[in-house]
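Please build the complete structure, drawing on both the sequences and the hints.
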Amino acid sequence: MSAIPADFSGFIVIVKRDCETCQLIAPVLQTLAATGNCLIYSQDDPAFLPGIPSVRDDRELDVSYRLAIEIVPTIIRADAGVESQRLVGWRRDDWRTLTNNPGLGAGIAAFRPGCGSKSVDPGMPEKLAYKFGDTQVKARRIEVAPLQDEHELAFERGWSDGLPVVPPTEERVLRMLAGTTRAPQEIVGVIPPDFAPCSVEKVAINAVMAGCKPAYLPVVLAAVEAASRDEFCMHGVLATTYFAAPIVIVNGPVAREIGMNSAHNVLGQGNRANATIGRALQLVIRNVGGGKPGGVDRATLGQPGKIGFCFAEREQDSYWESLAVERGFAPDQSTVTLFAGGGVHVVGDQKSREPESLTRSLAALLRGLHHPKLYGGPDALLVISPEHMRVFREAGWSKARFREALADSLTMDGRRILAGKDGIAEGLPERAAGERLSKFREGGLQIVHAGGGAGMWSAAILGWAASGAKGSVPVTVPVKS
Amino acid sequence: MTILLDPTSESQPAQRQGLSRPQSLAGKRVALLDISKPRGDVFLDQLEAKLGSLGVATLRYQKPTFARVAPAELRGRIISECDLVIEALAD
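So the protein sequences, as listed, match chains F and W. Letter by letter, the first sequence follows residues 1 to 481 of the numbering used here. Letter by letter, the second sequence follows residues 482 to 572 of the numbering used here.
Check each hint, because a few of them may be wrong.
Within a straight-line C-alpha distance of at most 27 Å, the following computed DSS-like cross-link-like pairs (lysine-lysine) qualify [as the list claims (entries may be wrong)]:
1. 470/F with 518/W
2. 509/W with 470/F
3. 131/F with 118/F
4. 518/W with 373/F
Just the calculated beta-carbon pair ranges, DEER-fashion [claimed, not checked]:
5. 480/F with 553/W: 27 to 37 Å
6. 351/F with 555/W: 51 to 61 Å
7. 186/F with 523/W: 46 to 56 Å
8. 561/W with 195/F: 15 to 25 Å
9. 522/W with 394/F: 49 to 59 Å
10. 522/W with 420/F: 17 to 27 Å
11. 443/F with 522/W: 45 to 55 Å
Residues from chain W shown here face chain F by an in silico Cβ test under 10 Å; the list is partial [as the list claims (entries may be wrong)]:
12. 482
13. 483
14. 485
15. 487
16. 488
17. 490
18. 491
19. 504
20. 507
21. 517
22. 543
23. 545
24. 566
25. 567
Calculated directly from the structure, the hints in this document are not laboratory data. The C-beta atom is built at its ideal place from N, Cα and C for all residues, glycine as well.
Okay, here's the thing in structure tokens:
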């Protein structure tokens, strides 16, 4: 609703006492008030112009918000209820022209800049938007009693993953929603295990709680969208007794734009975007989907990454095409890839300087994942460090050539891994005796480049036991603004 | 006063009361559901033989994968064709 009265023709001036320019132009305001067609609003003290009893009270900032005032004084000319012109601050000549009053402001300084409007004080735009605007936010509002601790309330209501959450106040959620152009009520996906429709607004609330900045929201939304795709099988990833959880890998320009870490300690702590994006996804699954440990989450042991596991690929100096490019996206397209993964396993090889040797080292680690005598089970995600990448770069090995050599080293004669062999009951059934078996299903090994510049260590992240069509496959979705 | 926005779906998933157990299997048809985990068939084969020897009618069903909930069509078939279900839950 417009703050200009219908059919009003004249001037509207917004001022505040706590502004020297507003005080300076008191005689001007007196002149305008005397014309009878000027509405003057004060943001802090309607009585601060004693000679003008008709000053209106805008301490609630309703009028200032609706008129989008950023500076005081602001003068607006209205014709038949519609704004036709506005000036901010005090510039005598302009005010004279606008009001068609050649003597206006005689005797006072010709120019003074204005002050900030109270309606744009830090945090105020969101407060006012909630109070007076149409935010389209529909979530249930929960009042926190004056002596109640909002952090404890979040724990008591079961919203937390065990760590404190940022209280999702209306203002914080509105600021978060400013991180996307998508409408708050747009449905991003249906979240298991309750298969609850999840709106942009609900994602934003959980992103606030996780500690995200608004600029991260498009990445969180993409992650939620990926998790709700049928082929990712989030219900099973949650319900399994295995270690798997959604791991978020970010590719493309957005990673740099929001300051994600793809270098030192890339899989560790310390970077806000890495730490909070993965956490936001897990909070959505917990709070919107209803997936909680001991409930539908039946993990036997779990793993620390279930708090949230997110990182960016180190693309800027990679010799190989990125994960997203391998999966069919352009290098300048920002994407999120979700991989159902468990813990981090290490391969430390400081001696290999030839790609053949290093490939065999990496294969030795990968063959041992899950169980050295089980093949065709979980997928894996291989994280190649820069120093290991250097070995392949110096030898001119493309990613495709590495994959080919690795596949050779990941093939096993079934006879060597039969059940009972080597005194271990676990293993393959007798019918596998004559077969050559691959450790991973076709398309079941993802490869990314990440990590700090020093250290001849790479890592493998174990996938879910039910990888592939019967369970989960990695899902890549573009990040939308 | 601080106002927080509810991060949950604001809905309660349906809670269903389990049916009471039948006093007898006489005249009942029993669905034997394999969820596609290893050796589920071994377990169900034995149950099928045991129930058959008691004169209880059984029908076999299988989920496409244990990793996903049973498709609605499969649940509908079991409901319309049988009175009871025995599920081979895990390997």
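Checklist entry - Honestly, do residue 480/F and residue 553/W meet the 27 to 37 Å range at C-beta? => result With a Cβ separation near 31 Å, residue 480/F and residue 553/W satisfy 27 to 37 Å, so the hint holds.
Checklist entry - Does the interface hint hold: is residue 543/W within less than 10 Å of chain F, judged Cβ to Cβ? => result Violated: closest Cβ of chain F sits about 13 Å from residue 543/W, beyond 10 Å.
Next on the checklist: I want to verify a distance hint. Is the separation of the beta carbons of residue 443/F and residue 522/W within 45 to 55 Å?
Outcome noted: violated (28 Å)
Checklist entry - Hey, does the residue 491/W contact hint survive, CB to chain F under 10 Å? => result holds (5 Å)
Next on the checklist: Given a cut of 10 Å on the nearest C-beta pair, is the interface hint for residue 483/W held or broken against chain F?
Outcome noted: holds (4 Å)
Checklist entry - Is it true that the C-beta distance of residue 561/W to residue 195/F lies inside 15 to 25 Å, as the hint says? => result holds (23 Å)
Next on the checklist: So, as I understand it, the hint says residue 504/W touches chain F; can you test that by seeing if any CB pair is closer than 10 Å?
Outcome noted: violated (32 Å)
Next on the checklist: With the threshold set at 27 Å, check whether the alpha-carbon distance from residue 131/F to residue 118/F stays at or below it.
Outcome noted: Since the Cα atoms of residue 131/F and residue 118/F sit roughly 15 Å apart, the hinted pair holds (cutoff 27 Å).
Next on the checklist: Hinted pair, alpha-carbon criterion (27 Å max): residue 509/W, residue 470/F. Please report holds or violated.
Outcome noted: Outside the cut-off at roughly 33 Å; violated.
Item to check | Restraint outcome when residue 567/W is required to lie within 10 Å of chain F by C-beta distance | outcome: Where the cut-off is 10 Å and the nearest Cβ of chain F is about 20 Å from residue 567/W, the hint is violated.
Checklist entry - Can residue 482/W be said to touch chain F, with a Cβ gap under 10 Å? => result holds (6 Å)
Item to check | chain F contact restraint for residue 490/W - C-beta distance below 10 Å | outcome: holds (4 Å)
Hints 2, 11, 19, 20, 22, 24, 25 from the earlier list are contradicted by this structure; the remaining hints agree with it.
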